[in-house]
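Participant: Construct the entire structure; sequences and hints are all you get.
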Amino acid sequence: MSTFNSSSDSLASQRSSGAEFRRGIKESLPVLIGFLPIALVLGAQATAKGFTAWQVPLMCGANFAGGSEFVAVGLWAVPPDLVLIAAMTLLVNSRHLLMGAALAPLARHLPGRKIFPALFVMCDESWAMGLADARKRGLFSLPYYLGTSIGMWVTWVLFTYAGAKLGPLIGDLAAFGFDMAFTAVFLVLLRGAWTSFRAVRPWFVSLAVAAPTYLILPGAWYVATGAVSGLVAAFFLAEER
Amino acid sequence: MSPDLLAILTIASMAVVTYCTRIGGFLLLRNRTLSPRTLAVLEAVPGCVLISVIAPRFVSDKPAELLALAITLLAAWRLPLLPTVIISVVATGLLRHFM
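Protein chains in written order, with the working numbering: chain A, 1 to 241; chain B, 1001 to 1099.
Everything labelled a hint here was simulated from the structure, so no lab data went into it.
Accuracy of the hints is not assured; some may be wrong.
Claimed, not checked - Examples of chain B residues lying across from chain A (beta carbon under 8 Å, computed): (1) P1036; (2) L1050; (3) I1051; (4) A1070; (5) W1077.
Unchecked claim - Not everything, but these chain B residues come out facing chain A in the computed CB check (under 10 Å): (6) C1020; (7) T1033; (8) V1045; (9) A1055; (10) P1063; (11) E1065; (12) L1069; (13) L1082; (14) V1085; (15) T1092.
As the structure is a computational prediction, the values presented were derived from the model and not from experiment.
Using N, Cα and C, we set each Cβ at its ideal position, and we do this for glycine too.
Facilitator: Below you can see the structure in the form of structure tokens.
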């Protein structure tokens, strides 16, 4: 990193920030398109469960973590059970603890006033793209990450709201297979993170634990048990390197 | 308490809990030097979480769902994101309708 701070230098870095932001938006376009059907389905399901239309973008903008929002909608009633939904939100989003930790060594050079607002829009996809980009280029690019994240946030809020408004018309989108888009997006992200079979053995441990947990326990426990057992496996398998 | 107010409070509690998860790990681990083993665990996080979230798909009791998942897996293995999503959604819709 340059230690000079001349005006031409900061201008150049500003320009490259804008370019980096646009690169983030551009490279995340396929993800944004993948968001559309999921957002529409979530909005539609939410109004069917008793959300008013404006509460849907409120939740999706303030929380911005799709998995927990699907769980919240699944558990929603009028009036909703606040404690249950908050607990399940914590469970589903506990992965953010580890995601933030993985980001920390790459973002040490950033001041708190930049990183704490940036963390508000960290989601699975923008985090994965930001980290993959940092690995490829050797430096974490905050504007690139913000380009991916903010594009995703705006898309998510707008299209969940559209889903809420169109709810009664498109409520049966799941019958046409649109809910599978979620799985497809996740599998492509997994393919991108695949290095070798040896390296990804913990994934299979996660799958082998999460799937039966889902069949046995109610709620979102399968996410926690699956993720934790995969990480325990990663801890012990790491010794062989 | 009105249902509307309770809905807003529930959404607010979700937002607070979620933001705490976002900054929690970052704050706890930001100034530590991580061992290779810790790094190996952190590298495994995204994959373990993603596969766990979609794990219910792998144990569906409906043949159409499992076949749709197999097609999605094949597409995801070979193709970029958008074609994968399109193939997956179309195949799932058709299989649910005809099986």
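Participant: To test your reading of the hints: which numbers does this structure violate?
Facilitator: 4, 10
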